[in-house]
Amino acid sequence: AQSVTQLDSHVSVSEGTPVLLRCNYSSSYSPSLFWYVQHPNKGLQLLLKYTSAATLVKGINGFEAEFKKSETSFHLTKPSAHMSDAAEYFCVVSDLRGNQFYFGTGTSLTVIP
Amino acid sequence: EAGVAQSPRYKIIEKRQSVAFWCNPISGHATLYWYQQILGQGPKLLIQFQNNGVVDDSQLPKDRFSAERLKGVDSTLKIQPAKLEDSAVYLCASRTLGTGVEKLFFGSGTQLSVL
Chain E
1 AQSVTQLDSH
11 VSVSEGTPVL
21 LRCNYSSSYS
31 PSLFWYVQHP
41 NKGLQLLLKY
51 TSAATLVKGI
61 NGFEAEFKKS
71 ETSFHLTKPS
81 AHMSDAAEYF
91 CVVSDLRGNQ
101 FYFGTGTSLT
111 VIP
Chain W
1 EAGVAQSPRY
11 KIIEKRQSVA
21 FWCNPISGHA
31 TLYWYQQILG
41 QGPKLLIQFQ
51 NNGVVDDSQL
61 PKDRFSAERL
71 KGVDSTLKIQ
81 PAKLEDSAVY
91 LCASRTLGTG
101 VEKLFFGSGT
111 QLSVL
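Residue numbers (my numbering), protein chains in the order written: chain E, 1 to 113; chain W, 1 to 115.
Read the hints as simulated data drawn from the structure, not as lab findings.
Check the hints yourself; a few may be wrong.
[To be verified] Okay, the calculated beta carbon distance ranges per label pair:
#1 E:Glu71 - W:Lys15: 41 to 47 angstroms
#2 E:Asn41 - W:Lys62: 40 to 46 angstroms
#3 W:Gly72 - E:Ser14: 47 to 53 angstroms
#4 W:Gln80 - E:Leu20: 27 to 33 angstroms
#5 E:Ile112 - W:Ile38: 25 to 31 angstroms
Nothing here was measured: the structure is a model prediction, and the numbers come from that model.
Every residue gets a Cβ at the ideal spot worked out from N, C-alpha and C, and that includes glycine.
With the rest of the complex left out, here is chain E (with noise of 0.2 angstroms):
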């Protein structure tokens, strides 16, 4: 079975400092791995994924995460955080065939300004 842990549930950074959203994996054979943003009143935005390609993976807005087999993870960073980059943001796994997700429980981002 594929599950996914994101270790915090709220995390609170100053504008202008670098961010880190914590997601570990469980599954019995290569993930692909995805983060999606959620605004409030707003649709869930895929940020990247991850698909057995490059490790590092460079999305949307700045975000980019990198893929660590040897630790189970898929951590989320961004090296200066905007006011704007408040949101949830979920990380996601999928089964072997793409074609069920599994949704962590969400971190919530605040944004100092």
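Use these hints to put chain W onto chain E, whose structure you have.
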């Protein structure tokens, strides 16, 4: 391209009443999902359609929830009768039927409050 459309945006009902949600996926997307997102949690899959057939409804509480996608395009999700614990955002998502892992496109959701 147009996104996934959902309506209504908000719904408030009393417990034991019935409610229905509607979803129109992106044109050409064969796969459609309904998710339930309870406040403070990640979305949980309720049902998955491929065209007009059900692929997985193992987590759908079938005693009160039903869903259909009769023509393989629009879908409706119904709750009858509603319980307090059904208060959540109901998300519809769709994707193409490809050989790779395609991303999901989400609607804005229907926020249900059961009083």
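Comparing the hints with the structure gives:
Checked against the given bound of 41 to 47 angstroms, the beta carbons of Glu71 of chain E and Lys15 of chain W, roughly 46 angstroms apart, stay inside it. Taking 40 to 46 angstroms as the suggested C-beta distance range, the pair Asn41 of chain E and Lys62 of chain W does not conform, at roughly 30 angstroms. Judged by the Cβ atoms, the range 47 to 53 angstroms given for Gly72 of chain W and Ser14 of chain E holds: they are separated by roughly 49 angstroms. Gln80 of chain W and Leu20 of chain E have their C-beta atoms about 44 angstroms apart, which leaves the hinted 27 to 33 angstroms range violated.
Between Ile112 of chain E and Ile38 of chain W, the C-beta spacing of about 28 angstroms keeps the proposed range 25 to 31 angstroms intact.
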